[in-house]
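Protein chains: 4
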Amino acid sequence: MTADQNSNKTMRSYRLKDTGSIDNLNLVTEDIPSVQRGEVLVRVKASALNYRDLAMIYGDYPGEIHNNLIPLSDGAGEIVAVGEGVRRFQVGDRVAGNFTREWFGGKRPDYIEPYGSHSDGWLTEYKVLNPELLVSIPSHLTYEQAATLPCAAVTAWNALHGPQPLSAGDTVLTLGSGGVSVFAIQLAKLLGLNVIATTSSDRKAEKLKALGAEKVINYKTTPNWGEVAKDLTDGRGVNRVVEVGGPATIHQSLQAIAPGNELALIGVLTKTGDKIGYFDLFGKASTRTIGVGSRSDFEAMNRVIEDKALAPVVDSVFPFEEAKKAYEYLESQTFFGKIVISHQ
Amino acid sequence: MTADQNSNKTMRSYRLKDTGSIDNLNLVTEDIPSVQRGEVLVRVKASALNYRDLAMIYGDYPGEIHNNLIPLSDGAGEIVAVGEGVRRFQVGDRVAGNFTREWFGGKRPDYIEPYGSHSDGWLTEYKVLNPELLVSIPSHLTYEQAATLPCAAVTAWNALHGPQPLSAGDTVLTLGSGGVSVFAIQLAKLLGLNVIATTSSDRKAEKLKALGAEKVINYKTTPNWGEVAKDLTDGRGVNRVVEVGGPATIHQSLQAIAPGNELALIGVLTKTGDKIGYFDLFGKASTRTIGVGSRSDFEAMNRVIEDKALAPVVDSVFPFEEAKKAYEYLESQTFFGKIVISHQ
Amino acid sequence: MTADQNSNKTMRSYRLKDTGSIDNLNLVTEDIPSVQRGEVLVRVKASALNYRDLAMIYGDYPGEIHNNLIPLSDGAGEIVAVGEGVRRFQVGDRVAGNFTREWFGGKRPDYIEPYGSHSDGWLTEYKVLNPELLVSIPSHLTYEQAATLPCAAVTAWNALHGPQPLSAGDTVLTLGSGGVSVFAIQLAKLLGLNVIATTSSDRKAEKLKALGAEKVINYKTTPNWGEVAKDLTDGRGVNRVVEVGGPATIHQSLQAIAPGNELALIGVLTKTGDKIGYFDLFGKASTRTIGVGSRSDFEAMNRVIEDKALAPVVDSVFPFEEAKKAYEYLESQTFFGKIVISHQ
Amino acid sequence: MTADQNSNKTMRSYRLKDTGSIDNLNLVTEDIPSVQRGEVLVRVKASALNYRDLAMIYGDYPGEIHNNLIPLSDGAGEIVAVGEGVRRFQVGDRVAGNFTREWFGGKRPDYIEPYGSHSDGWLTEYKVLNPELLVSIPSHLTYEQAATLPCAAVTAWNALHGPQPLSAGDTVLTLGSGGVSVFAIQLAKLLGLNVIATTSSDRKAEKLKALGAEKVINYKTTPNWGEVAKDLTDGRGVNRVVEVGGPATIHQSLQAIAPGNELALIGVLTKTGDKIGYFDLFGKASTRTIGVGSRSDFEAMNRVIEDKALAPVVDSVFPFEEAKKAYEYLESQTFFGKIVISHQ
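Residue numbers (my numbering), protein chains in the order written: chain A, 1 to 344; chain B, 1 to 344; chain C, 1 to 344; chain D, 1 to 344.
These are calculated hints, taken from the structure and not from any lab test.
Hints are not guaranteed to be accurate.
Note that the list lumps identical chains together, so a pair holds whenever it fits in one copy or between two copies.
As the list claims (entries may be wrong) - Straight-line Cα separation of at most 30 Å, DSS-like style, residue types lysine-lysine; simulated pairs:
{"hint": "1", "residue 1": "LYS220", "residue 2": "LYS275"}
{"hint": "2", "residue 1": "LYS17", "residue 2": "LYS324"}
{"hint": "3", "residue 1": "LYS215", "residue 2": "LYS17"}
{"hint": "4", "residue 1": "LYS308", "residue 2": "LYS189"}
{"hint": "5", "residue 1": "LYS107", "residue 2": "LYS324"}
{"hint": "6", "residue 1": "LYS17", "residue 2": "LYS204"}
{"hint": "7", "residue 1": "LYS215", "residue 2": "LYS107"}
{"hint": "8", "residue 1": "LYS215", "residue 2": "LYS189"}
{"hint": "9", "residue 1": "LYS204", "residue 2": "LYS107"}
{"hint": "10", "residue 1": "LYS209", "residue 2": "LYS308"}
{"hint": "11", "residue 1": "LYS215", "residue 2": "LYS325"}
{"hint": "12", "residue 1": "LYS308", "residue 2": "LYS325"}
{"hint": "13", "residue 1": "LYS189", "residue 2": "LYS207"}
{"hint": "14", "residue 1": "LYS209", "residue 2": "LYS275"}
{"hint": "15", "residue 1": "LYS271", "residue 2": "LYS207"}
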């Protein structure tokens with residue numbers, strides 16, 4: 001036990017009483033949990049929002065959410081106490097939670113209860129955890145930056161990896177400027193890949209170019225952006241689509257892809273769109289769903305992020321007390337990159 | 001030059017004058033081509049039929065077919081002459097053609113003109129070829145057996161391999177008893193895989209079991225065969241579907257597959273069916289199209305076939321003179337395995 | 001807490017007081033540890049011996065061994081109590097320990113303290129553990145059989161897998177009839193591989209053939225067994241050597257291997273032998289060291305073992321009270337397969 | 001046939017009469033070969049030297065060299081005539097020869113007779129070839145630059161790829177400033193890898209840094225360069241050694257490598273050195289021999305070279321008439337990068 005805890009026996013958490021409104025997030029005071037054998041206590045320093053967190057609020061998330069849940073899948077913090085027998089971390093280590101918890105590598109176990117939906121999440125000041133559920137964060141990142149990694153960055157990393165590896169010089173198509181897409185652009189550049197991005201405004205196009213996208217298509221003024229993306233590769237087609245859209249974007253994505261290459265399916269941002277015929281897939285693209293990723297994936301990504309000093313794009317940081325404003329800002333869809341909450 | 005050629009300066013070939021009818025296949029006599037530097041002359045001993053060959057007859061094949069084409073993609077024979085500088089084969093070697101010709105490995109070149117559709121095929125007595133377009137056939141096979149391999153067996157092999165490898169103990173679902181499905185069952189057993197097969201009759205079910213399928217579902221009496229296949233894996237789902245059906249079968253295939261596992265898309269046997277929603281794929285299956293395979297794939301498969309002495313299932317052998325009857329039999333859809341033409 | 005524990009508050013363990021003699025193994029009585037949050041209590045039902053356990057006794061193991069250590073890396077048992085929040089296992093589940101503990105997949109962490117050398121092992125009646133350190137055992141195995149898997153079988157599995165995958169029809173060379181070699185033969189057969197084995201007696205040769213080795217070479221009467229193994233593959237060479245010997249066997253192993261194929265280095269059974277020249281490796285074989293394996297590897301192997309109902313070769317089972325006799329029998333080197341201790 | 005040929009029926013070639021001296025290279029005039037069916041005629045525009053070419057001169061190359069051989073494995077040129085039925089290339093296409101000729105992908109065939117050792121090489125003005133033995137060269141390269149690729153660049157590419165893939169952020173150790181090492185540095189940077197290089201002079205060190213090597217060690221003043229390289233990775237060790245040295249360098253390379261990572265064995269530059277003990281390999285490094293590579297490898301590399309506009313380091317270009325001076329310069333060992341001969 002550390003001085004930190006002795007001087008402060010209680011902590012604050014947000015808990016979601018019922019679904020339906022951001023106002024159902026209640027700020028409560030509760031006891032700081034104590035570490036037992038094999039556990040660590042994390043002082044959460046920052047958390048980050050994803051679209052799924054908004055879906056959770058509105059009861060629009062598949063699966064039953066337990067009542068009085070602490071929300072948010074993503075967070076980073078400092079180890080402030082370690083239980084007996086812990087060797088993985090020491091007090092003072094800087095860590096983040098792995099989105100898919102006990103998925104360490106290999107096949108994903110079926111007993112996982114993701115943070116912020118099936119088990120308590122990170123919108124709190126302290127968490128007691130099995131240290132295996134945490135990863136070390138890159139040394140050059142602030143806690144605010146590190147909190148953005150678990151869901152969006154690991155998803156982007158796995159969209160760019162997988163059974164059909166990309167090679168330097170290949171071209172990736174990203175859609176829009178949400179967290180996954182922005183990380184996909186940044187990571188693609190570290191891997192020697194070329195990027196074509198889509199966006200809805202010239203202002204965002206400039207930002208995407210500054211991140212390294214060689215070419216940007218305005219999908220509002222260019223509704224056939226998939227065909228245009230294909231033309232931009234001299235007609236060969238792109239080698240991967242980071243498909244964050246869903247039913248409404250997949251048809252254009254299928255226009256963009258080179259035969260035999262892969263659509264990485266991530267998206268649930270749109271709910272409806274024309275269905276796909278068998279012959280839209282056959283001979284066209286491979287498809288694979290990205291379910292975030294394992295701890296091994298997270299750690300492999302962090303080695304590259306650290307080595308190349310990648311700086312996550314943090315759109316804005318809200319203080320812990322104003323967490324609801326962070327949700328409202330997420331709802332506004334006017335951001336670029338990640339929305340973070342500081343717990344410090 | 002060998003005695004074989006000296007005694008016989010002409011050969012017989014079938015050529016397809018116009019599409020529309022099996023009767024447009026004309027048996028013609030023409031000169032045996034001579035080998036030049038770097039070439040080999042093959043005495044074709046057997047050829048085999050695939051559904052695509054029937055589609056070709058009826059003008060139902062995508063892409064323009066050149067007039068007076070020698071049909072059939074699949075054939076095997078003996079090297080009877082070698083040109084200057086050839087080291088890959090010697091006179092007397094037993095060979096088969098590689099369906100995708102100049103696709104040796106790596107990315108498929110775009111200049112390939114497949115046999116029997118874009119370039120002359122194997123329904124002839126002699127062929128002059130670049131020796132790189134041929135593979136050695138397993139020593140235990142007759143020419144009739146070897147002729148069945150290029151299209152159906154290589155397709156089945158690649159459906160069972162690819163970027164997401166199967167592991168011994170995994171379960172494969174095959175559809176029906178055409179050439180690809182029968183090879184898929186036989187190869188799956190050599191690889192330590194379990195097989196669930198579908199078929200339309202009890203008689204065929206017995207044959208599929210004799211080939212090694214642990215479980216067989218009658219898809220006529222069990223229209224929800226996909227769900228049943230999933231139940232047969234204790235609800236986990238199958239690890240691969242060798243999807244030879246197409247639009248009319250893919251929905252049940254999607255019911256059968258375990259999340260994250262792959263539908264290997266091969267089929268064009270059906271033309272119509274309900275379309276697929278994005279959420280039928282998302283979180284369900286990966287998909288990949290099998291376009292037969294490279295020479296490296298063919299050679300890797302042959303090593304296993306030889307080592308395990310796999311015997312291709314030849315339903316019937318027609319003499320060269322009765323090649324049209326082989327087409328008619330293919331049209332009848334009453335066969336099990338492969339239909340072969342003997343050129344000896 | 002279960003009835004099992006209520007009726008019995010103490011347990012027996014063997015602890016190694018000092019190195020030097022099997023007699024330094026002391027049977028002690030101590031309290032059964034209690035489960036805390038996130039932990040499980042295992043009633044150990046069986047444990048198994050490996051050469052390293054003997055090396056530990058004689059102080060012949062690299063690295064410092066802590067005093068009063070409970071020995072043995074391998075064990076299996078039943079979950080008899082689960083702490084708060086455990087979802088991975090339930091009371092009654094049958095489990096084994098993963099040799100490399102916190103190595104779940106991906107890169108091996110450097111903080112691992114293997115059982116029976118750096119941390120307390122399995123020669124005890126109860127163990128409290130993080131449930132992530134355990135794997136479910138195949139349902140057809142007894143505890144005695146399952147206890148043999150963690151070190152020897154996972155090592156054999158990884159020797160047959162790795163970055164350069166073997167293909168059905170490839171040939172594996174195994175050395176002798178220790179635990180790793182016997183598992184390598186059994187697993188190789190499940191994977192469609194051919195096996196050439198070496199041994200020192202005709203009696204053992206018969207046993208190896210019964211397990212599936214197609215060919216067996218007596219290395220005592222055939223000192224150039226590596227060359228002979230190569231001849232047995234029609235001069236092509238074997239595709240993998242499961243190299244359990246070490247310095248004294250590697251030269252013959254290098255004679256046996258096909259160019260570009262891999263020696264899987266496992267062995268420390270021999271200490272001395274002629275050194276290797278650069279040109280003994282260059283253009284000859286790849287080499288890779290097998291360090292047992294990750295939990296993902298163990299679980300992948302168990303799926304195959306269960307599906308194919310592989311029966312581990314248990315040479316003999318000693319009662320817990322006679323554990324020292326098991327060590328002495330290991331020392332005699334007259335066994336075939338695994339030596340097991342029953343804790344029931 | 002083209003105007004080029006009509007106006008010039010003869011060509012010049014160098015042929016090696018006997019081994020022993022550079023002066024045994026005779027410049028001869030001979031007929032330009034004519035293309036036959038399935039062949040192309042290449043006007044060779046440039047060729048490049050490798051150490052093996054000097055070994056050939058001095059009879060120091062393993063295997064029998066045929067008399068009157070045209071030397072050099074590496075060359076690039078323009079297609080000036082195509083035979084009947086050639087679809088892969090057209091007149092005017094820019095190509096290079098693939099070092100390992102008929103190795104297209106998959107397993108290397110055993111009938112390959114490499115250029116400039118077992119079959120006539122590229123130190124000539126025209127070559128007739130099977131078009132499958134050629135690859136298209138990146139459009140931004142001159143013929144002089146492209147001629148450097150077949151042996152050195154493909155070897156470097158494969159040293160950085162293979163069964164155990166490197167990841168962006170990993171560190172590669174290169175030895176000296178020969179062709180393979182210089183390409184390895186350049187390619188490593190395109191793949192997001194870090195580079196530690198060794199060299200013998202400060203002047204060369206500056207050049208290696210200019211190519212992208214983050215750190216350079218002078219191996220003359222730092223005989224324990226392997227340990228120093230390891231220290232430069234914070235003690236973790238490098239992830240790959242491009243081992244072009246051989247017996248005299250492998251011990252330091254084994255000091256540098258991180259456990260489980262790979263020494264890519266290429267080198268025959270040194271002939272003698274201390275032998276390796278089993279325990280120098282066991283638990284230390286994996287090893288693999290690089291035998292240049294397949295056409296698929298060459299084409300994959302060219303896609304990256306073209307996309308990233310990599311410029312091969314050409315030390316100097318000698319005119320065709322002064323080819324012997326190029327050999328003498330190679331012998332001097334004072335160059336940096338590749339020595340090229342222009343045939344224009």
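A quick look at each hint next to the structure:
1. LYS220 x LYS275: Cα proximity of LYS220 and LYS275: in one copy and across copies (21 Å, 27 Å).
2. LYS17 x LYS324: Intra 14 Å, inter 60 Å, cutoff 30 Å: intra-copy only.
3. LYS215 x LYS17: neither (45 Å within a copy, 50 Å between copies)
4. LYS308 x LYS189: both (10 Å within a copy, 12 Å between copies)
5. LYS107 x LYS324: Neither: 36 Å inside a copy, 39 Å across copies.
6. LYS17 x LYS204: For LYS17 and LYS204, neither the intra-copy (36 Å) nor the inter-copy (59 Å) Cα distance is at most 30 Å.
7. LYS215 x LYS107: between (36 Å within a copy, 26 Å between copies)
8. LYS215 x LYS189: both (13 Å within a copy, 23 Å between copies)
9. LYS204 x LYS107: neither (38 Å within a copy, 36 Å between copies)
10. LYS209 x LYS308: This pair counts as both: shortest intra-copy Cα distance 19 Å, inter-copy 18 Å.
11. LYS215 x LYS325: Classified as neither; 34 Å inside a copy, 48 Å across copies.
12. LYS308 x LYS325: For LYS308 and LYS325, neither the intra-copy (33 Å) nor the inter-copy (44 Å) Cα distance is at most 30 Å.
13. LYS189 x LYS207: both (15 Å within a copy, 25 Å between copies)
14. LYS209 x LYS275: Close neither inside one copy (32 Å) nor across copies (37 Å); limit 30 Å.
15. LYS271 x LYS207: within (27 Å within a copy, 46 Å between copies)
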